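If you want the building blocks of each chain, they are given just below.
4 protein chains.
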Amino acid sequence: MTDAIKTIDVAVFGAGRIGKIHAANLARQPGVRLKYVVDVNREAAAALAAEHGAQVADIDGAMGDATIGATVICSSTDTHADLIVKSAAQKKHVFCEKPVDLTLERARVCADAVQRAGVVCMIGFQRRFDPTFSALKARIDAGEIGTPEMLVVTSRDPGAPPVEYIRHSGGIFKDMLIHDFDIFRWILDDEADTLHATGSCLSDPTIADAGDIDSTAVTIRTKGGRLCQINTARRAAYGYDQRFEVLGSTGMLQAGNVRPTEVTAYSKTEVSTDVPEAFFLERYRAAYALEIAHFFDAVTRGKPVRTTVADGLKALELADAATRSWREGRVVKLGEAS
Amino acid sequence: MTDAIKTIDVAVFGAGRIGKIHAANLARQPGVRLKYVVDVNREAAAALAAEHGAQVADIDGAMGDATIGATVICSSTDTHADLIVKSAAQKKHVFCEKPVDLTLERARVCADAVQRAGVVCMIGFQRRFDPTFSALKARIDAGEIGTPEMLVVTSRDPGAPPVEYIRHSGGIFKDMLIHDFDIFRWILDDEADTLHATGSCLSDPTIADAGDIDSTAVTIRTKGGRLCQINTARRAAYGYDQRFEVLGSTGMLQAGNVRPTEVTAYSKTEVSTDVPEAFFLERYRAAYALEIAHFFDAVTRGKPVRTTVADGLKALELADAATRSWREGRVVKLGEAS
Amino acid sequence: MTDAIKTIDVAVFGAGRIGKIHAANLARQPGVRLKYVVDVNREAAAALAAEHGAQVADIDGAMGDATIGATVICSSTDTHADLIVKSAAQKKHVFCEKPVDLTLERARVCADAVQRAGVVCMIGFQRRFDPTFSALKARIDAGEIGTPEMLVVTSRDPGAPPVEYIRHSGGIFKDMLIHDFDIFRWILDDEADTLHATGSCLSDPTIADAGDIDSTAVTIRTKGGRLCQINTARRAAYGYDQRFEVLGSTGMLQAGNVRPTEVTAYSKTEVSTDVPEAFFLERYRAAYALEIAHFFDAVTRGKPVRTTVADGLKALELADAATRSWREGRVVKLGEAS
Amino acid sequence: MTDAIKTIDVAVFGAGRIGKIHAANLARQPGVRLKYVVDVNREAAAALAAEHGAQVADIDGAMGDATIGATVICSSTDTHADLIVKSAAQKKHVFCEKPVDLTLERARVCADAVQRAGVVCMIGFQRRFDPTFSALKARIDAGEIGTPEMLVVTSRDPGAPPVEYIRHSGGIFKDMLIHDFDIFRWILDDEADTLHATGSCLSDPTIADAGDIDSTAVTIRTKGGRLCQINTARRAAYGYDQRFEVLGSTGMLQAGNVRPTEVTAYSKTEVSTDVPEAFFLERYRAAYALEIAHFFDAVTRGKPVRTTVADGLKALELADAATRSWREGRVVKLGEAS
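Chains as they are written, first to last, in this note's numbering: chain A, 1 to 338; chain B, 1 to 338; chain C, 1 to 338; chain D, 1 to 338.
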């Protein structure tokens with residue numbers, strides 16, 4: 001490999017949980033250098049910068065540095081749009097955590113900005129990079145189950161976040177199901193025609209007080225007549241539950257949970273195995289590494305990314321439709337005047 | 001056991017696939033004697049009667065024999081209501097295959113008739129007697145998963161019946177999902193408040209020509225705010241797929257498929273096990289035996305049956321609502337004027 | 001089916017646990033009639049006879065009745081040889097529980113007697129009729145894993161029988177591993193060249209006092225160089241464990257345990273399923289029914305039986321060799337002067 | 001963490017498959033620096049050194065550099081003893097791949113040398129660091145299955161190495177089962193009293209020509225009367241098979257294979273999952289990382305290592321005994337004059 005890979009300098013925005021993951025992963029990419037960490041919490045920024053030999057900067061400092069080739073945006077959702085637009089203006093490639101924004105209007109502004117700037121903009125739908133999920137998708141594409149016709153997604157968190165978080169999250173459909181809506185589009189390779197969503201607040205009444213729900217049941221019928229059902233809960237007592245299955249015309253494929261170990265125990269009363277990996281950081285560890293590698297590979301080789309800002313918009317449209325369906329207790333036709 | 005069990009003479013109506021199953025199972029009950037087999041197809045009736053030392057009769061002959069204590073109705077759906085009413089009039093206990101009838105009106109007439117007559121009337125929702133399903137239900141009732149909050153039902157047939165059958169079946173919701181609606185009520189122990197159903201015809205266009213669909217996605221929200229999703233297909237290439245799972249406040253329970261053998265094979269490319277039992281006769285063999293035993297036990301000991309005619313009515317109401325929801329593309333409120 | 005099957009009258013010897021199973025199963029065979037039940041415990045004999053409309057008889061009465069076409073021997077091991085010889089003398093076909101006898105000498109006398117008499121003699125190695133085991137064997141025979149090369153057998157009881165039983169059992173190798181030795185011969189389709197056995201008494205010191213062990217590890221090398229390992233324990237806290245696996249030149253096949261239900265439970269700490277079926281009566285319920293059907297099918301149609309008295313002798317030779325290997329702490333060559 | 005961890009400079013001997021793994025893993029340890037790579041193949045050494053910013057050296061150069069605090073020995077087995085002794089002489093801590101040596105005499109010399117020098121010497125039994133295996137061991141130690149009584153180890157490679165390798169491997173017991181012998185001692189926490197080994201050459205006659213076998217069956221009885229069976233094959237068509245199970249007085253624990261993905265596929269004929277991870281580099285990826293971390297943690301904090309040179313000697317004694325048992329066709333008593 002005599003490929004002379006040019007080095008890219010990167011600024012990471014957000015030094016929280018997911019920022020740390022991305023920083024560590026990008027530090028492992030050959031030809032990628034973490035130059036700046038930006039966070040309103042200077043202490044967190046400093047700690048993360050120190051760990052990777054980077055510097056702390058503020059937004060303008062990082063954006064204004066012409067040597068920065070790409071930004072990685074892991075800050076709070078309300079800052080995404082602004083940072084994407086600024087990155088585009090500076091001709092920097094962008095990796096941004098989901099969702100693009102909580103409103104379709106601002107998300108569209110982002111999409112326009114990156115398109116006009118001609119920069120890469122990848123949205124962090126890391127699930128598409130999970131080894132189990134991507135193997136399953138590849139097997140569908142290879143025709144193993146004929147035409148995919150029905151998709152059933154089970155997506156449950158081990159516990160609800162603080163209600164303060166929920167209050168600013170945009171609601172469960174934008175905050176949590178955004179991933180499942182992306183899975184739906186990716187797996188069935190089709191677009192929604194109608195959508196029905198309902199839900200309840202079953203685990204914690206303060207979530208209802210905040211105007212949100214913690215359990216949902218969504219059904220999508222696609223333009224091609226395929227069916228998708230998504231069931232979601234903020235609290236699964238047994239941990240993080242991330243499964244889906246696809247019924248095709250000639251077979252079925254299931255993506256199961258991942259277990260920390262392969263120990264099976266036989267007691268007087270039961271045969272047991274581990275509960276699934278605890279939460280997304282554990283469950284999607286490999287996916288996070290692979291998506292960052294994919295992003296920099298795309299940037300350095302000029303290849304398309306797998307999860308574009310257009311995908312981010314489409315998922316957001318579905319989340320919007322679901323919110324409306326739930327609130328109004330009716331079936332929503334995608335594309336209807338909202 | 002000094003219990004002097006008095007012998008019950010029984011007439012079976014319908015000598016088809018399911019009639020044969022019930023005849024063989026009831027012949028094994030101590031104190032139960034198969035006296036008559038009734039079928040418009042005299043040859044089929046004669047063969048089944050011969051196998052169990054019974055006689056062929058016509059409807060009036062069997063109904064008019066005062067020694068007949070119970071009837072087992074396995075004839076075509078359009079004959080159920082008439083036979084139930086006649087049995088009730090003759091004070092004979094009734095076991096009737098699902099559905100009670102295709103119309104709620106006639107089903108209500110049946111319910112009234114058996115109530116006035118004071119006879120036992122059990123509907124053949126055999127799934128409640130499946131060892132796996134009933135063990136799961138017992139564990140819910142024992143509090144193992146706290147409060148049940150979400151139910152996901154997967155119910156797929158290995159292949160669609162002849163379109164001629166479908167044409168007279170009352171539609172997929174009354175013919176196929178009637179079982180799943182009963183599972184829903186039994187497992188969540190709650191009643192539907194709203195229901196949404198959608199579907200498609202994906203496997204065979206002649207089903208669409210007959211005005212029906214072969215794939216459905218149903219969501220029910222109960223009065224207590226619980227959620228249920230049911231996905232159904234007439235054709236699963238890998239066989240008969242009968243699973244459900246219940247998320248509770250403190251855990252989750254799944255009912256899985258049953259395999260013919262426990263052989264696991266390791267080849268160069270995969271580790272494989274058997275596909276599930278082929279179809280309902282195999283999958284629910286034990287359930288059929290247990291439900292008939294339950295019926296005669298209830299009759300001879302004066303105990304209540306687990307699946308009453310009222311359960312039959314409720315399942316039919318849900319099937320009706322689902323049909324309306326699908327046809328009209330909207331959410332249906334149970335109890336709304338139809 | 002115009003086959004005029006002639007009726008066979010049968011005498012069952014032994015009205016204990018396994019006698020009841022065989023009596024119930026043979027009563028279900030078309031053309032087979034249970035005429036006599038023989039047991040030193042007259043009360044047990046009477047109860048079993050009553051259940052199936054049979055009569056109580058003593059040995060001479062049953063053996064002297066020329067209408068009896070077959071005997072089913074389920075009495076204590078020390079009576080087997082005598083009853084086999086008597087049956088042969090009376091030209092009655094014989095189904096006999098394992099082992100043929102505790103001594104090779106007497107077992108050979110039995111083999112000679114049935115051969116001279118020209119009657120069918122089937123030994124109750126019911127495991128060969130287990131649906132999982134026989135499906136696995138059929139797949140080996142169909143070439144699915146190429147040449148079978150290694151066999152690993154796990155065979156564990158849920159608990160040791162009373163030491164009084166053990167004292168007269170002939171030792172663990174004849175009483176318990178006799179089944180595993182038969183499995184070995186059947187699956188690898190080869191004969192032992194050398195055998196090594198060792199063991200310990202780990203669960204209950206009174207078993208050691210009775211001169212026996214409760215845990216064994218046996219290795220057999222066949223004439224064809226194939227390898228077999230058997231591990232056995234009288235006490236598995238989690239129940240009855242009956243598995244084996246066969247490594248072939250192109251793949252591997254495993255026979256797993258059977259579970260009462262397919263419920264899977266997710267709790268905070270584990271994902272669990274049922275422990276295996278409790279003990280042999282539950283685990284091999286289908287096998288017992290199938291072996292009796294096979295016996296009478298063979299008898300009435302003049303076909304060979306799958307588990308002959310020669311198989312009984314071979315298993316006994318291995319049990320003898322294992323006992324010697326364990327006692328003398330050395331490798332035993334099969335066929336060496338003992 | 002104000003722990004001022006002093007930096008350790010390291011020399012790696014051997015730039016082959018396993019040398020690369022260890023080099024990459026140690027490069028990730030905080031406070032550890034790869035300084036030298038030594039290999040008779042200078043090109044391989046240079047490539048590996050370049051990848052990690054290290055230098056190429058020869059044995060004397062590396063050993064003579066007083067700044068080198070630890071050596072990591074991954075060169076061919078015949079060089080291990082010499083490099084261990086040299087490391088000890090230079091007061092360098094040693095991590096050495098298994099086996100210590102092919103002869104007990106030279107292995108004992110190594111053990112003496114490191115003991116006299118007071119340096120840490122860890123042997124690369126990486127399986128003890130596998131997440132599944134170590135979780136199982138911890139659960140035994142926590143008393144979950146009472147007293148462990150029987151161990152069954154299945155250890156199969158996907159294919160035999162070149163016969164040239166086998167010729168210099170010391171035979172299957174020293175080359176392949178050395179790991180399983182270590183597992184045995186670790187899991188049962190007991191020492192062998194007697195050992196029986198047999199085997200065959202079933203996959204490739206050139207292995208027999210080289211005086212070796214490719215399939216083995218080993219039984220060990222411990223001083224405490226516990227039993228262990230190990231079955232091994234050089235060629236499992238379905239891949240790398242690494243399982244064991246431990247029967248205890250109150251339960252059983254199994255360590256299963258690890259799969260690349262959790263996809264389950266349903267076709268017309270079977271339900272299938274992935275075959276296990278392909279070979280040891282994939283299967284034990286996490287274990288390799290954890291053992292190197294453990295080594296440097298032990299070295300820098302002065303803590304004992306989990307797999308000592310004494311463990312290496314004990315495993316070698318068992319391999320020696322197994323070789324003798326197989327060759328002489330007899331049971332070997334450990335500690336007998338050899």
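One thing to keep in mind: the hints can contain errors.
Pairs count within a copy or across copies, as identical chains cannot be separated in the list.
[To be verified] When the alpha-carbon atoms are kept at most 25 angstroms apart in a straight line, the in silico DMTMM-like pairs for lysine to aspartate or glutamate are as follows:
{"hint": "1", "residue 1": "223", "residue 2": "209"}
{"hint": "2", "residue 1": "268", "residue 2": "209"}
{"hint": "3", "residue 1": "268", "residue 2": "189"}
{"hint": "4", "residue 1": "268", "residue 2": "141"}
{"hint": "5", "residue 1": "314", "residue 2": "105"}
{"hint": "6", "residue 1": "6", "residue 2": "51"}
Derived by calculation from the structure, the hints in this document are not laboratory data.
Predicted model only: the values in this text are computed from it and were never measured.
Status of each hint after checking the structure:
Taking identical chains as interchangeable, the C-alpha atoms of residue 223 and residue 209 lie at most 25 angstroms apart only when they sit on different chains, with a minimum of 20 angstroms there against 36 angstroms within one chain. Taking CA atoms no more than 25 angstroms apart as the test, residue 268 paired with residue 209 passes in neither setting, with 45 angstroms inside one copy and 27 angstroms between copies. Proximity of residue 268 to residue 189 under the C-alpha cut-off of 25 angstroms is restricted to the inter-copy arrangement: shortest distance 24 angstroms between copies versus 47 angstroms within a copy. In this assembly of identical chains, residue 268 and residue 141 lie within 25 angstroms of each other by CA distance solely across copies; the values are 19 angstroms between and 45 angstroms within a copy.
Taking CA atoms no more than 25 angstroms apart as the test, residue 314 paired with residue 105 passes inside one copy only; the shortest distance there is 12 angstroms, against 46 angstroms between copies. For the homomeric pair residue 6 and residue 51, the shortest alpha-carbon distances inside one copy (23 angstroms) and between copies (17 angstroms) are both at most 25 angstroms.
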